[in-house]
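Q: Based on the sequences and whatever the hints tell you, model everything.
When the letters of the sequence shown are read in order and numbered with my numbering, they come out as residues 3 to 598.
The hints are simulated quantities; they were obtained by calculation from the structure and are not laboratory data. On a predicted model such as this, the values are computed, not experimentally measured, just so you know. A few of these clues could be false.
[As the list claims (entries may be wrong)] Dumping the calculated BS3-like pairs for lysine-lysine here, alpha-carbon to alpha-carbon at most 25 angstroms: (1) K519 x K112; (2) K11 x K519; (3) K529 x K10; (4) K529 x K118.
[To be verified] For each label pair, taking beta carbons as the anchor points, the in silico distance ranges come out as: (5) E420 x Q258: 51 to 57 angstroms; (6) K186 x N116: 48 to 54 angstroms; (7) S93 x N358: 45 to 51 angstroms.
Just so it is clear, CB atoms sit at the ideal spot from N, CA and C, and this is done for glycine as well.
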Amino acid sequence: MDIELMLKKAVLNAVGKLYEQTPDEKLIQIQKTRKDFDGDFTLVVFPLLRMSKKSPEQTASELGEYLKDNVEQISEFNVIKGFLNLSIDKSFWISYLNTVVQDDNYGFIKNKENPKTILIEYSSPNTNKPLHLGHIRNNLLGYSVAKILETQGDKVYKVNLVNDRGIHICKSMLAYQKWGKGEKPSKEKKGDKLVGDYYVKFDQEYKKEINDLVAKGQSEENAKKNALLILEAQEMLRKWESKDSEVISLWKEMNQWVLAGFDVTYKNLGVDFDKVYFESDTYKLGKKLILEGLEKGVFVKKEDGSVWVDLTKEGLDQKILLRSDGTSVYMTQDLGTAHQRFTDYNADEAIYVVGNEQNYHFQVLKIVLGKLGFSWSEYLYHLSYGMVELPEGKMKSREGTVVDADDLLNEMTLTAEEMSRELGKLEGYSDSEKKQIIETIGLGALKYFILKVDPKKTMTFDPKESIDFNGNTGPFIQYTFARIQSIIRKANDKGMELPIELNSKIKISNKELQLIKLIYSYPEVLKEAANDYSPAQIANYIFDLAKEFNQFYHDHPILGEDDKSISEFRLHLSKQLGEIIKSGMGLLGINVPDRM
Numbered sequence: 003m004d005i006e007l008m009l010k011k012a013v014l015n016a017v018g019k020l021y022e023q024t025p026d027e028k029l030i031q032i033q034k035t036r037k038d039f040d041g042d043f044t045l046v047v048f049p050l051l052r053m054s055k056k057s058p059e060q061t062a063s064e065l066g067e068y069l070k071d072n073v074e075q076i077s078e079f080n081v082i083k084g085f086l087n088l089s090i091d092k093s094f095w096i097s098y099l100n101t102v103v104q105d106d107n108y109g110f111i112k113n114k115e116n117p118k119t120i121l122i123e124y125s126s127p128n129t130n131k132p133l134h135l136g137h138i139r140n141n142l143l144g145y146s147v148a149k150i151l152e153t154q155g156d157k158v159y160k161v162n163l164v165n166d167r168g169i170h171i172c173k174s175m176l177a178y179q180k181w182g183k184g185e186k187p188s189k190e191k192k193g194d195k196l197v198g199d200y201y202v203k204f205d206q207e208y209k210k211e212i213n214d215l216v217a218k219g220q221s222e223e224n225a226k227k228n229a230l231l232i233l234e235a236q237e238m239l240r241k242w243e244s245k246d247s248e249v250i251s252l253w254k255e256m257n258q259w260v261l262a263g264f265d266v267t268y269k270n271l272g273v274d275f276d277k278v279y280f281e282s283d284t285y286k287l288g289k290k291l292i293l294e295g296l297e298k299g300v301f302v303k304k305e306d307g308s309v310w311v312d313l314t315k316e317g318l319d320q321k322i323l324l325r326s327d328g329t330s331v332y333m334t335q336d337l338g339t340a341h342q343r344f345t346d347y348n349a350d351e352a353i354y355v356v357g358n359e360q361n362y363h364f365q366v367l368k369i370v371l372g373k374l375g376f377s378w379s380e381y382l383y384h385l386s387y388g389m390v391e392l393p394e395g396k397m398k399s400r401e402g403t404v405v406d407a408d409d410l411l412n413e414m415t416l417t418a419e420e421m422s423r424e425l426g427k428l429e430g431y432s433d434s435e436k437k438q439i440i441e442t443i444g445l446g447a448l449k450y451f452i453l454k455v456d457p458k459k460t461m462t463f464d465p466k467e468s469i470d471f472n473g474n475t476g477p478f479i480q481y482t483f484a485r486i487q488s489i490i491r492k493a494n495d496k497g498m499e500l501p502i503e504l505n506s507k508i509k510i511s512n513k514e515l516q517l518i519k520l521i522y523s524y525p526e527v528l529k530e531a532a533n534d535y536s537p538a539q540i541a542n543y544i545f546d547l548a549k550e551f552n553q554f555y556h557d558h559p560i561l562g563e564d565d566k567s568i569s570e571f572r573l574h575l576s577k578q579l580g581e582i583i584k585s586g587m588g589l590l591g592i593n594v595p596d597r598m
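A: In structure tokens:
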């Protein structure tokens, strides 16, 4: 039951009876009562004064008296200036809990009349290095937002764009050609790590050449352009675009090594995709679109043959779309990819999960697509997120100072095992059970620590802090869920059967009432998280739920309660809190173990 909707109808009726007028529904403003005031819901009275022709306080008092006398769910009211605070009767909240426990997908919108088709792109790795900590935030954020959007009844497709072409790819290929000596991926070194090592090797050797040229009198800027290695890499890119058989053969082999390595990391991280696009395919379409735009006069060709778009009228600058040698840039392939996706899915929205260093890029992409005449360009959204830093500072791929995703996942498992043993959490379990629980705790700690932070904020990741079993962490919430499951198992062992319908007349404490109200807010939390593309809202809501449950558990006996109806109520309440914890954590991509 939607309480706000019920209250709106009741207020409309009250205004009609008291003031013989029917207000526009938009004038009935009902919101949750602020925490520092008594009440559950607040009616803003000011829009109704022209009908009552009385002061705000008198109007609120008259409406409050009428609603209390005529609406059985309203138990009390109080007036603060032009605000009418309404308290809902406890019996109503118990009845509401009855409806919730019978809904297997509570909070989720089902059978939406006109569901939107939404594409969400995340991951977007380069095939010249393994996934790192920054990619982990990207993947976790994209996957979670996709699941959250699905709760609103829309069709969501998770897509990945693999950056498998370009000068950076040629750098690792060239380094492998020069220094690889036929090395292949192995059990000790996955293909993505192997290729990443040669990307680092290129940068090391390139810097040596730059330093040599500077020592011989060249400026650093000229040295960067004239170094033999970069000239060879640029030549390799030209050969790739002209389909040179030797370059293409090496490119295919090294790409497959990397993609196989990525798949292992994605599986361990617990993310997946409905479709994978490759820049090596979509850049051709991007080139075609640019040449069509050139013919229409949307773009301009400069004397050196490069193609540009002038965005000065939009308050930006000029942007290159094709280089003078005909090779493409990032913008080229993103134009092609966007077009291909809207052709494939006829989407209503497309969300790009990409770091905030690309804000300008996506601003340009949207404008250029609009200039090309694609009306759907206005439905592109850049979900810009902050970087992940370590306590030691920023990471750099070229210098090999990144935190490898696989290494971090392994470290999280080891840290979870160490802390679990210290706290005695693993006693009495078999080796296989211990392994599963430890991996669930470690991965849950990582995901929760990253997703509880607002996506827009830069964050510092601390593995040990993330696995603390107290505080706002994944393990704390997982342990709370396990505690609830333990209570349910003990109830089953005692032969306790829960009634289909709870007694709505029992006396419940303020803490129990508070927990039901938190349950009531879950659908609204999902809606707001979907609107804001923010898993952090769900993470912090679930933490509040777990924290409040633990306080309730400490102060209220459940199975030890003498009054059977109260014991049944508390068990029902605990069970439903566990279901919501499991549901919310699932939307973050986090499993919750039944035992810990």
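Q: State for each hint whether it applies.
A: Here is how each hint holds up against the structure:
1. K519 x K112: 22 angstroms, holds
2. K11 x K519: Distance of about 21 angstroms is within 25 angstroms: holds.
3. K529 x K10: 20 angstroms, holds
4. K529 x K118: The hint holds at about 15 angstroms.
5. E420 x Q258: 51 to 57 angstroms: Between E420 and Q258, where Cβ atoms are some 37 angstroms apart, the hint is violated.
6. K186 x N116: 48 to 54 angstroms: 52 angstroms, holds
7. S93 x N358: 45 to 51 angstroms: With Cβ atoms ~50 angstroms apart, the hint holds.
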